[in-house]
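Please dock the two separately framed chains into a single complex, following the hints provided.
So the sequence lines, in the order shown, correspond to chains A and B. Under the working numbering, the first residue of the first sequence carries the number 1, and numbering increases by one thereafter. Under the working numbering, the first residue of the second sequence carries the number 1001, and numbering increases by one thereafter.
Hints are computed from structural coordinates only; laboratory data are not their basis. Among these hints, one or two may not hold up.
To be verified - Derived SDA-like pairs: lysine to any residue, alpha-carbon spacing no greater than 25 Å straight-line:
no.: 1; chain 1: B; residue 1: K1049; chain 2: B; residue 2: N1017
no.: 2; chain 1: B; residue 1: K1049; chain 2: A; residue 2: T98
no.: 3; chain 1: B; residue 1: K1049; chain 2: A; residue 2: H29
no.: 4; chain 1: B; residue 1: K1049; chain 2: A; residue 2: E44
no.: 5; chain 1: A; residue 1: K57; chain 2: B; residue 2: S1003
no.: 6; chain 1: B; residue 1: K1058; chain 2: A; residue 2: R101
no.: 7; chain 1: A; residue 1: K11; chain 2: A; residue 2: E83
no.: 8; chain 1: B; residue 1: K1077; chain 2: A; residue 2: D24
no.: 9; chain 1: B; residue 1: K1049; chain 2: A; residue 2: D24
no.: 10; chain 1: B; residue 1: K1077; chain 2: A; residue 2: H29
no.: 11; chain 1: B; residue 1: K1058; chain 2: A; residue 2: I26
no.: 12; chain 1: B; residue 1: K1077; chain 2: A; residue 2: Q41
no.: 13; chain 1: B; residue 1: K1049; chain 2: A; residue 2: R31
no.: 14; chain 1: B; residue 1: K1077; chain 2: A; residue 2: E102
no.: 15; chain 1: B; residue 1: K1049; chain 2: A; residue 2: S99
no.: 16; chain 1: B; residue 1: K1058; chain 2: A; residue 2: P96
no.: 17; chain 1: A; residue 1: K71; chain 2: A; residue 2: Q41
no.: 18; chain 1: B; residue 1: K1049; chain 2: B; residue 2: E1064
no.: 19; chain 1: B; residue 1: K1049; chain 2: B; residue 2: G1059
no.: 20; chain 1: B; residue 1: K1049; chain 2: B; residue 2: V1111
no.: 21; chain 1: B; residue 1: K1069; chain 2: B; residue 2: A1014
no.: 22; chain 1: B; residue 1: K1069; chain 2: B; residue 2: V1111
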Amino acid sequence: DTGVSQNPRHKITKRGQNVTFRCDPISEHNRLYWYRQTLGQGPEFLTYFQNEAQLEKSRLLSDRFSAERPKGSFSTLEIQRTEQGDSAMYLCASSPWTSGRETQYFGPGTRLLVL
Amino acid sequence: AQSVAQPEDQVNVAEGNPLTVKCTYSVSGNPYLFWYVQYPNRGLQFLLKYITGDNLVKGSYGFEAEFNKSQTSFHLKKPSALVSDSALYFCAVRDVGFQKLVFGTGTRLLVSP
Chain A
1 DTGVSQNPRH
11 KITKRGQNVT
21 FRCDPISEHN
31 RLYWYRQTLG
41 QGPEFLTYFQ
51 NEAQLEKSRL
61 LSDRFSAERP
71 KGSFSTLEIQ
81 RTEQGDSAMY
91 LCASSPWTSG
101 RETQYFGPGT
111 RLLVL
Chain B
1001 AQSVAQPEDQ
1011 VNVAEGNPLT
1021 VKCTYSVSGN
1031 PYLFWYVQYP
1041 NRGLQFLLKY
1051 ITGDNLVKGS
1061 YGFEAEFNKS
1071 QTSFHLKKPS
1081 ALVSDSALYF
1091 CAVRDVGFQK
1101 LVFGTGTRLL
1111 VSP
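For reference, chain B alone in the conformation it holds in the complex (with noise of 0.2 Å):
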C-alpha cells in the first residue's frame, strides 16, 4: 500500500531565511512524487514532481525537492522564503502502475515577514 508522512502540522520561518517542508513515503515499487500547494478557497495548484533521473528538482516559485531513496524522503525546499509563500503544503505519492495519487496530511507553512 502507499503512505505519505508529513510530520509537521505547521513550519514557521522568518522572511528571507531558507525553509524546509518534509515528507516520507512509502510504495511497493518505484514512487512517482509530488508537491501541490493550497491556498485558501483554491485547488491544489502543482509545484514539482520526481519521476526519474537527477534527484534534485526544480519546480515553480523558486521552490525544489530532494529526493532520498535510502531514507524515503522527499523534502521541499526554498533558498529564501517569502511571505507569499504561506500555504498548505501537500506531498503526494503515486505508485509506478497505479493511477491514484495517495497525499499526505498536509503542512501549513507561515512565512513571517
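This is chain A alone, in the form it adopts within the complex (with noise of 0.2 Å):
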C-alpha cells in the first residue's frame, strides 16, 4: 500500500501525559499537513509543512502542541501534558506541489482518547 500511513491507529493516555503521532506522506509528496476531528465534526487544519519548513499553524496548534518534518519525510505531531479536550482523531494528508491545485490525500488517522 502507497498511501498515507499513521501510527498509532489508536492511543489512549491519561491526562497530564505525552504523547507522538507519526505520519509517512505518498513518497515524493513535498507537503504534508495535520488535521484534527472531533466527534460530529469535519476535520479543522492544524499545520502543513513545505518539505521541512513548517509555512502556516493554526490558532488551533497550542503550545502545548508541536509538529516537526525534520527531513521532508516523515512528520510526527507531540501533544505535551495531554487534557481531555485533545481527545480527537489526528489526521495527516499529503500531496505533492507544483501548480497549486492539488488533492490533498489523507490517512487512516490516529484516534485519541484521554482520560
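Encoded structure:
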C-alpha cells in the first residue's frame, strides 16, 4: 500500500501525559498537513509543511502542540500535558506541489482518547 | 474567511434511486472544491474536485458534482445509489492562494436495500 500511513492507529493516555503521533506521507509528496477531527465535526486544519519547513500553524495549535518534519519525509505531532479536550482523531494528509491545484490525500488517522 | 455548509445531517435514499448531498460554500476569491467520503475507522477518501472549467465534475464510484457559482453550491450526486455508498460525506473548500482545506460538518448517507 503506497498511501499515507499513520501510527499508532489508536492511543489511550491519561491526562497530563505526553503523546507523539507519526505520519508517513505518500512517497515524493513534498507537502504534509495535519488536521484534527472531533466527534460530529469535519476535520479542522492544524498545520502544514512544505518539505521540512512548517509554513502555517492554526490558532488551534496551542503551545502544548508541536509538529516536526525533520528531513522532509515523515512528520511527528506531539501533544504535551494532554487534556481531555485533546481527545479527537488526528488526520495527516499529503500532496505534491506543482500548480497549486493538487489533491490532499488522507491517512487513516490516529484516534486519541485522554482519560 | 472560508466556510462550508452541509445543511443535512443525514440523507436517506433507497438503493437504485438517485441521491444528492448538498453543499454550499463561501470564499473571498475563486474556490477549489472537494468531496471526500469517510467509512468507519478509516480516513478520508477523495471522491472528486472542481478546480476550473466544466461545471459538472465526474469522480470515483459513479459520483459527480455540479459547481454553481451563482448559488455558491457544489452538490454531490449519483444516478443510482448502492447500499455500499452508505458513509459520511464531507464537502471542503480551499480558497486560491491558501493551503488549508475548510470542511463542512458532514452528511451521513444511508442507502437502504
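Next item on the list: Measure nothing beyond the straight line between the CA atoms of B/K1049 and A/R31; if it is 25 Å or shorter, mark the hint as holding.
Entry: holds, 18 Å
Next item on the list: Could you grab the alpha-carbon distance between A/K11 and A/E83 and see if it respects the 25 Å cut-off?
Entry: holds, 14 Å
Note to self: Holds or violated: B/K1049 and A/D24, Cα atoms, limit 25 Å.
What the structure shows: holds, 24 Å
Note to self: For a C-alpha distance cap of 25 Å, please report whether B/K1049 and B/E1064 respect it.
What the structure shows: holds, 9 Å
Notebook entry, point to check: Quick one, are B/K1049 and B/G1059 close enough, alpha carbons at most 25 Å?
Noted result: holds, 8 Å
Checklist line | 25 Å limit on alpha-carbon distance, applied to hinted pair B/K1049 and A/T98 | finding: Holds. B/K1049 to A/T98 sits at ~17 Å (cutoff 25 Å).
Item checked: Given pair status - A/E102, B/K1077, alpha carbons within 25 Å -> At roughly 22 Å apart (the allowed maximum being 25 Å), A/E102 and B/K1077 satisfy the hint.
Notebook entry, point to check: Taken at face value, is the distance from the CA of A/E44 to the CA of B/K1049 at most 25 Å?
Noted result: holds, 19 Å
Item checked: Hint consistency between B/K1077 and A/Q41 [alpha-carbon to alpha-carbon, up to 25 Å] -> holds, 22 Å
Notebook entry, point to check: Between B/K1049 and A/H29, does the CA-CA distance stay at or below 25 Å?
Noted result: Roughly 19 Å separates the two Cα atoms, so the pair holds.
Margin query: With the threshold set at 25 Å, check whether the alpha-carbon distance from B/K1049 to B/N1017 stays at or below it.
Written below: holds, 23 Å
Check: Taking 25 Å as the top limit, are the C-alpha atoms of B/K1049 and B/V1111 close enough?
Finding: holds, 23 Å
The earlier numbered hints that this structure contradicts are 8, 10, 17, 21 and 22.
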